[in-house]
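Asks: So you can see what is in the structure, the chains are spelled out below.
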Amino acid sequence: MTSTVVIDKAAPTRAVKYGSMSRDRTWALRWSYFFLTLFAIFSLVPPLYMVITSLKSSAEISAATNPWWVFHPTLSNYIELLTRNQFLRFFLNSAMVSIFVVTITMLISVPAAFALARMRFWGSATLATGVFLTYLVPDTLLFIPLFKMFAAFGDWTGIQLINRWYVLLIIYPTLTVPFCTWIMIGYFASIPKELDEAAIIDGASWFQTLTRIFIPVALPGIIAATIFAFTQSWAQFLYPLVFTTSTDQLVLPVGIITTLIKGDVFAWGQIMTGALLGAAPPLIIYAFLMDYYIAGLTAGATKG
Amino acid sequence: MADVTLRKVIKRYDDVEAVRGIDLDIADHEFVVLVGPSGCGKSTTLRMIAGLEDITDGDIMIGGDVVNDVPPKDRDIAMVFQNYALYPHMTVAENMSFGLRLKKYPKAEIKTRVDEAARMLDIVELVNRKPKQLSGGQRQRVAMGRAIVRNPKVFLFDEPLSNLDAKLRVQMRIEIKKVHQKVRTTTVYVTHDQVEAMTLADRVVVMNHGRIEQIGTPNELYHNPATRFVAGFIGSPAMNFMPCRLEDVAGKLHIRLTDRIAFPLPPARAARYYNVPRSEKLLLGLRPEHITEAKAHPEPGVESFDAVLDVTEPMGMETLIYFTLEGAEEICGRVNPNAGARDGAPLRLAVDLNNMHLLNEGTGAVI
Amino acid sequence: MVDVAFQPNSVAGGSVRKRASLRTALKRKSTAAFLMTLPLILLIAVLVIYPAFYSMHLATLNKSMARFVGLGNFEFLFKRDTFWLVVKQSCIFAISAVIFKALIGFIVAHFVHNIPAKGQRKWRGMLLVPWVIPPAMSTLAWLWLFDPSYSAFNYTLAFFGIGPIPWTGDAAWARFSVILVNVWYGAPFFMIMYLASLKSVPDQLYEAAAIDGANWWQRIWYVTLPMMRNIIAITTLFSLIVTFANFDIVRILTAGGPLDHTHIFATWAFRVGIEGSDIPLGASVSLFMLPILAVAAIFILRDVNKRGNEA
Chain D
1 MTSTVVIDKA
11 APTRAVKYGS
21 MSRDRTWALR
31 WSYFFLTLFA
41 IFSLVPPLYM
51 VITSLKSSAE
61 ISAATNPWWV
71 FHPTLSNYIE
81 LLTRNQFLRF
91 FLNSAMVSIF
101 VVTITMLISV
111 PAAFALARMR
121 FWGSATLATG
131 VFLTYLVPDT
141 LLFIPLFKMF
151 AAFGDWTGIQ
161 LINRWYVLLI
171 IYPTLTVPFC
181 TWIMIGYFAS
191 IPKELDEAAI
201 IDGASWFQTL
211 TRIFIPVALP
221 GIIAATIFAF
231 TQSWAQFLYP
241 LVFTTSTDQL
251 VLPVGIITTL
261 IKGDVFAWGQ
271 IMTGALLGAA
281 PPLIIYAFLM
291 DYYIAGLTAG
301 ATKG
Chain Y
1 MADVTLRKVI
11 KRYDDVEAVR
21 GIDLDIADHE
31 FVVLVGPSGC
41 GKSTTLRMIA
51 GLEDITDGDI
61 MIGGDVVNDV
71 PPKDRDIAMV
81 FQNYALYPHM
91 TVAENMSFGL
101 RLKKYPKAEI
111 KTRVDEAARM
121 LDIVELVNRK
131 PKQLSGGQRQ
141 RVAMGRAIVR
151 NPKVFLFDEP
161 LSNLDAKLRV
171 QMRIEIKKVH
181 QKVRTTTVYV
191 THDQVEAMTL
201 ADRVVVMNHG
211 RIEQIGTPNE
221 LYHNPATRFV
231 AGFIGSPAMN
241 FMPCRLEDVA
251 GKLHIRLTDR
261 IAFPLPPARA
271 ARYYNVPRSE
281 KLLLGLRPEH
291 ITEAKAHPEP
301 GVESFDAVLD
311 VTEPMGMETL
321 IYFTLEGAEE
331 ICGRVNPNAG
341 ARDGAPLRLA
351 VDLNNMHLLN
361 EGTGAVI
Chain L
1 MVDVAFQPNS
11 VAGGSVRKRA
21 SLRTALKRKS
31 TAAFLMTLPL
41 ILLIAVLVIY
51 PAFYSMHLAT
61 LNKSMARFVG
71 LGNFEFLFKR
81 DTFWLVVKQS
91 CIFAISAVIF
101 KALIGFIVAH
111 FVHNIPAKGQ
121 RKWRGMLLVP
131 WVIPPAMSTL
141 AWLWLFDPSY
151 SAFNYTLAFF
161 GIGPIPWTGD
171 AAWARFSVIL
181 VNVWYGAPFF
191 MIMYLASLKS
201 VPDQLYEAAA
211 IDGANWWQRI
221 WYVTLPMMRN
231 IIAITTLFSL
241 IVTFANFDIV
251 RILTAGGPLD
261 HTHIFATWAF
271 RVGIEGSDIP
281 LGASVSLFML
291 PILAVAAIFI
301 LRDVNKRGNE
311 A
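One line per chain: the protein sequences are D, Y and L, in this order.
Just so you know, this note's numbering puts 168 at position 168 of the first sequence, and the rest follows in order with no gaps.
Just so you know, this note's numbering puts 202 at position 202 of the second sequence, and the rest follows in order with no gaps.
Just so you know, this note's numbering puts 119 at position 119 of the third sequence, and the rest follows in order with no gaps.
Treat the hints as calculated values from the structure; they're not laboratory data.
Every residue gets a Cβ at the ideal spot worked out from N, C-alpha and C, and that includes glycine.
Certain hints may be false.
[Said to hold, decoys possible] In silico contact screen, one side only, chain Y against chain D (beta carbon under 10 Å); selected entries: (1) Met79; (2) Gln82; (3) Leu86; (4) Tyr87; (5) Met90; (6) Lys103; (7) Ala147; (8) Leu156.
Could you build the full structure based on these sequences and the hints that come with them?
Replies: Okay, structure coming up:
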């Protein structure tokens, strides 16, 4: 620490320390990186462990050698799962459900958001608040009455709604539509009104305004909402657990847990592989579209 | 090209009347500016001409056809907005051609029109850029280009220069004037800035509280304002209003400002004000440029008096002086920079009564 | 050339015509808007609002749903020890998990905010991974990490001489594990929200505080926290609702065990209602979440509206 005595005719003499501000900064930075590394390790240990375990044969797992290292890496778990009909069935079911739900969600959300954001009509403010409130109603509150409702519907009309994967197409939107609408309302509202007026004066009908101006300009919001809807659908566990029971109707999260865990015998190598493959689509989307992913997250609360 | 006519146009929002009966005739090729303070109804009027607002009552005609129920896209108008309203996901060329593409014009014609407009506005190098890559002035040009390309009957400008900095505003004013000289489309231009109104307009419409105060050429409004509002609104720094009375002194008509200051009126003025009741409360309206330093040989109609200056503002080519008479409101005058004006010092001033206005204090009307 | 006063009589005929056409124009816009929101309204009405009320009706029926028993189910629940255990556990679980998530999220957000902007993206990316992985999948990983015989954690702890911990076998440890996994999963959400909020606090405020003599703790207390008050409130309330209603983690990790000591409302409702085939009882259990959710929802609404007004 260098220290000089400054002779200032007006003030009493005092020692001035130079260089301490930047040193403080470097220490703050070092501590930050240290803790960040700690938290990063904490965050990444489970997924990394999934990867490690997936590469182990069941022999190596039961041999109870160092769990953090793979001594004889093997792809047998992957091959088993990917060639076995069941797992692929789960993956396919999940994919179909998710893609359909995303489509349904966007078809409902975008026009509704456009109407709520742009067209002021009687009750639009109440409806917008209502949409937000709906998002707060958890699936764990609704699963029992919904189960009973669908069972009763099946009894009345003979259309079997329990234990069919396409039932999920009706139920999942209750989870995705409110939040997606909310996100889209925020994005649409942030488009300046003059843009509509310029389009009107340029001669566009309201449909042309929606498709040629609004949707392109709000595209980041649409992508964020789509990602949100997809990842929500993919990760759903409770509803499929309640509504689907036969093996060929299961989606991925439920499938892995119910079929790979047979009684007390846990085939952990395959379970971890299954879990990893199940986590893959959201992770891949995240890796490539991280900004949209995060935008979807933060849109709800910060766009208020 | 077309003329625009407004007949008894009224706009009511719930209980509030934003526009209270406007009659206006705009001739073909004319550049008319609607000017007034915030909330005077000028933007609302413009938007009714555009069709963006419904008309509560009255008629609007473009080119002789009543357009009250005609949607904006069929009125053949183009509008330039205050914050440009450029489509952010389209290039400049696509922005400019959007209207034409909607109407399915042939590609070749679209290209010709866009190129021509781009050349006129000097934005040819920008045609493939997106709006976020442009500066404010460039964006405004693109917005104008979008309007020009449509070749409409009427141009509507809604405070287009308000978002630009002062220097850019001066440049763009000249651009707009040049465009009008070339294209000669009937233009209705809204602004709160009276300088823009004076410099751009063929005729100016001064609005206040939803009504028209006065319509006239810039010169007419400047030299012959009809009401106190117009007199005080046009011209910068604003006109001074001093309470006064008329009185007869020794057979000649005088105007008395304070106990000590009274000026004889020039003959032309005396004749005009002869019949005004002497007891009437009046305001003397004098523009700052007509309150100057006293000269050695004053012209007829110019009277001198002494005053103590409060504040001076040296502007370079002139000095603005502020003083009060008997502690009333601040009066602003313009003197030569070497007239010896100093804060707090006395100065002999002169008023040019040939350019005076006399207003009725109660009604605000100019006599 | 001057204004003309409004003369009602002379334009009466014209204005009637105008008003009629105005009304139809308005109607067109409203019907279009209504049609566009109709699917949304139907979805919410049929699949959210109706089930919520139906649930209240179901709670008043007996097990075979043939008879009306009024508050019989609720009386039954109040007498059972398991029910009160579930209430206690749900509250402890939700409150402590949210507190830890908020705290960790806040601290980590600060660290990320401190490092140069270029590196932030990388770190943010890594730290958000727990939230991206479907909770069902990541809980499986934790289950394996906590396995009684093969726990990787126990293996590592053995090197430090710490005996094998019954992560899911012992009641207290099971509760800890469940909260741990929930915090691991949810803290990144808080981190992201707080990071965004931190960035919006103007640097000049910190500079002014520094000049006024504030140290790092005082800066946080007097500048950061007040500016972030709204977002902290909203995220905390949000998370309370979501954590309170959590199902996946507890179900997969402990299935409510050992001996019902980690059951929360959602998992117990599932056990009783679906596995135990007693739908009305299950509905009654779920309904107990309602008052707490409603209170939290009211607070959130108030805060979100406040936010909207100040923006």
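Asks: Look at each hint and say if it fits the structure.
Replies: These are the hints, each one checked on the structure:
Contact between methionine 79 (chain Y) and chain D, as hinted, is supported at the beta carbon level, the nearest pair being about 5 Å apart and thus within 10 Å. For the restraint placing glutamine 82 (chain Y) at the interface with chain D, the shortest Cβ-Cβ distance is roughly 8 Å, inside the 10 Å limit, so the hint holds. Residue-level restraint check for leucine 86 (chain Y) holds (minimum Cβ-Cβ distance to chain D is 8 Å; threshold 10 Å). At about 6 Å, the closest approach between the beta carbon of tyrosine 87 (chain Y) and any beta carbon in chain D falls short of 10 Å, and the interface hint on this residue holds.
The interface hint given for methionine 90 (chain Y) is met, as the beta carbon of that residue sits about 8 Å from the closest beta carbon of chain D, less than 10 Å. A cut of 10 Å between beta carbons decides the hint on lysine 103 (chain Y): the least distance to chain D is about 6 Å, and the hint holds. Because the smallest distance between the Cβ of alanine 147 (chain Y) and any Cβ of chain D comes to about 9 Å, under 10 Å, the interface hint for this residue holds. Taking 10 Å as the C-beta cut-off, the interface hint given for leucine 156 (chain Y) holds, the closest approach to chain D being about 8 Å.
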